[in-house]
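Take the sequence shown: its position 351, counting from 1, is numbered 351 in the UniProt record's numbering, and each next residue is one higher.
I should point out that these hints are in silico values taken from the structure, not numbers from a laboratory.
As the structure is a computational prediction, the values presented were derived from the model and not from experiment.
Heads up, a few of these hints could be off.
[Said to hold, decoys possible] Here are the simulated BS3-like cross-link-like pairs (lysine-lysine), alpha carbons at most 25 Å apart as the crow flies:
| id | residue 1 | residue 2 |
| --- | --- | --- |
| 1 | K173 | K108 |
| 2 | K256 | K232 |
| 3 | K108 | K232 |
[Stated by the list, open to error] Just the calculated beta-carbon pair ranges, DEER-fashion:
| id | residue 1 | residue 2 | range |
| --- | --- | --- | --- |
| 4 | Q128 | M226 | 20 to 30 Å |
| 5 | H329 | G70 | 56 to 66 Å |
| 6 | R41 | G240 | 56 to 66 Å |
| 7 | A140 | A189 | 56 to 66 Å |
| 8 | R41 | A189 | 53 to 63 Å |
| 9 | S260 | W192 | 34 to 44 Å |
| 10 | S251 | P365 | 41 to 51 Å |
| 11 | R104 | M226 | 46 to 56 Å |
| 12 | E277 | E244 | 13 to 23 Å |
| 13 | A140 | Y248 | 21 to 31 Å |
| 14 | N158 | E292 | 52 to 62 Å |
| 15 | P184 | G70 | 44 to 54 Å |
| 16 | H329 | P184 | 32 to 42 Å |
Note that beta-carbon positions come from the ideal geometry of N, C-alpha and C, so glycine has one too.
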Amino acid sequence: KAHRAVLAACSDYFRAMFTDAMRESRQPEICLNGVSAQGLRCLLEYAYTSRLVLSLANIQDVLATANHVGLTPVVEACSSYLQDQLDLENCIDVATLAETYSLRRLRKRVYRFICTNLHQFAETAEFQRLSPHQLEHLLACDFPVNCPEGDVLSFVLNWVAWDVRERLSQARKLLSYICFSEIPASRLAQLWDSPVLQCLFSRRIPPHLSGIGGLPPPSLVNTRGMELVLLKVGGFGLSGVTNEITYYLPSAGRWKYLTSIPHVEQCNFGTAVLGNELYVVGGCFNQSLHQENVHPFGFRYNALTNEWSTMAPMHWERCRFALCVARGHLYAIGGAGEVVSDADATEDGEIRCERYEPHSDTWVPITPLPGARTQHAG
1 KAHRAVLAAC SDYFRAMFTD AMRESRQPEI CLNGVSAQGL RCLLEYAYTS
51 RLVLSLANIQ DVLATANHVG LTPVVEACSS YLQDQLDLEN CIDVATLAET
101 YSLRRLRKRV YRFICTNLHQ FAETAEFQRL SPHQLEHLLA CDFPVNCPEG
151 DVLSFVLNWV AWDVRERLSQ ARKLLSYICF SEIPASRLAQ LWDSPVLQCL
201 FSRRIPPHLS GIGGLPPPSL VNTRGMELVL LKVGGFGLSG VTNEITYYLP
251 SAGRWKYLTS IPHVEQCNFG TAVLGNELYV VGGCFNQSLH QENVHPFGFR
301 YNALTNEWST MAPMHWERCR FALCVARGHL YAIGGAGEVV SDADATEDGE
351 IRCERYEPHS DTWVPITPLP GARTQHAG
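My request is simple: use the sequences and hints to build the entire structure.
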């Protein structure tokens, strides 16, 4: 049993049902079609107590019932719960629920999660449960993936081969979302022996696909979902030194805040991008109005995870130097320390320089720079 006033207070569906013009407003018992007893029981408890107990066992019933009666707070709570429970085993079911009940934010979160973990997900049996529409959306949504484009093509071919009779008709449309220009010629030649591609294109690689053999930038696994941006790192603002980092996104046409350097406000540091990660190294900061503190420490920012990490400090503290990228390494060239000393320069007055090895997280001294030099171009 439930009070009409309580139900009408929390749902437009019941409010409309219990108006004078509706037959249900005068009936002692009402039959609700299309909802489960378990789902309705949870909604009644919520209506009277504002408490909602969700679990994987009842989430589908509660979501279906809340959607049916238009109880928006419960629908949003179900969406948040499903997002928190998302993993490789249930992501297809969650995607199906999001699409069934038009939960756009949840749907976007699910497909971003799948793309982020695409390599692992494609190796599970769950990948074969994707509907043609879901796989098409996965390829078209343009979220970053954690595998090369050749692997993405391989995953699509395996999906089609799982049930060739039913899925071959979808193959051409799905392949239109593959960026063949990022697949090396050798990898494409390996995949061309696939029965699916042989059925579609016979033995020869079509002219519009042959000879492309391009590669994404060596710093990226795949350019899906990526857009080149311009970064502004630190500097001086109206209130003095700032550690804020902003970026200019061409598609948006404006500057946006990204993150801040995890250090006290500093300046005159070196910046570089290597492996699609931002490096901020060295620099100086003021502990008082009359003292400039130069340091050798560095930080690395991963834009994909939005996380900072520390890196090995340089052998010599320096600021106003050039931090350059060449052949997968960072080079710290020139600059100045707090005091010019034997640690900064050789006996001949040459400035010590060093190279950073990202794989081992170490700095290695290299040939010194002839003559002192600061604030120079890299």
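Hints versus structure:
1. K173 - K108: holds (22 Å)
2. K256 - K232: holds (10 Å)
3. K108 - K232: violated (29 Å)
4. Q128 - M226: 20 to 30 Å: Given a distance of about 28 Å, which is inside 20 to 30 Å, the answer is holds.
5. H329 - G70: 56 to 66 Å: holds (60 Å)
6. R41 - G240: 56 to 66 Å: holds (60 Å)
7. A140 - A189: 56 to 66 Å: With Cβ atoms ~26 Å apart, the hint is violated.
8. R41 - A189: 53 to 63 Å: With a Cβ separation near 60 Å, R41 and A189 satisfy 53 to 63 Å, so the hint holds.
9. S260 - W192: 34 to 44 Å: 48 Å Cβ-Cβ, so the 34 to 44 Å window is violated.
10. S251 - P365: 41 to 51 Å: Between S251 and P365, where Cβ atoms are some 43 Å apart, the hint holds.
11. R104 - M226: 46 to 56 Å: violated (23 Å)
12. E277 - E244: 13 to 23 Å: holds (18 Å)
13. A140 - Y248: 21 to 31 Å: holds (26 Å)
14. N158 - E292: 52 to 62 Å: Because 59 Å falls inside the window, the suggested range holds.
15. P184 - G70: 44 to 54 Å: holds (53 Å)
16. H329 - P184: 32 to 42 Å: violated (24 Å)
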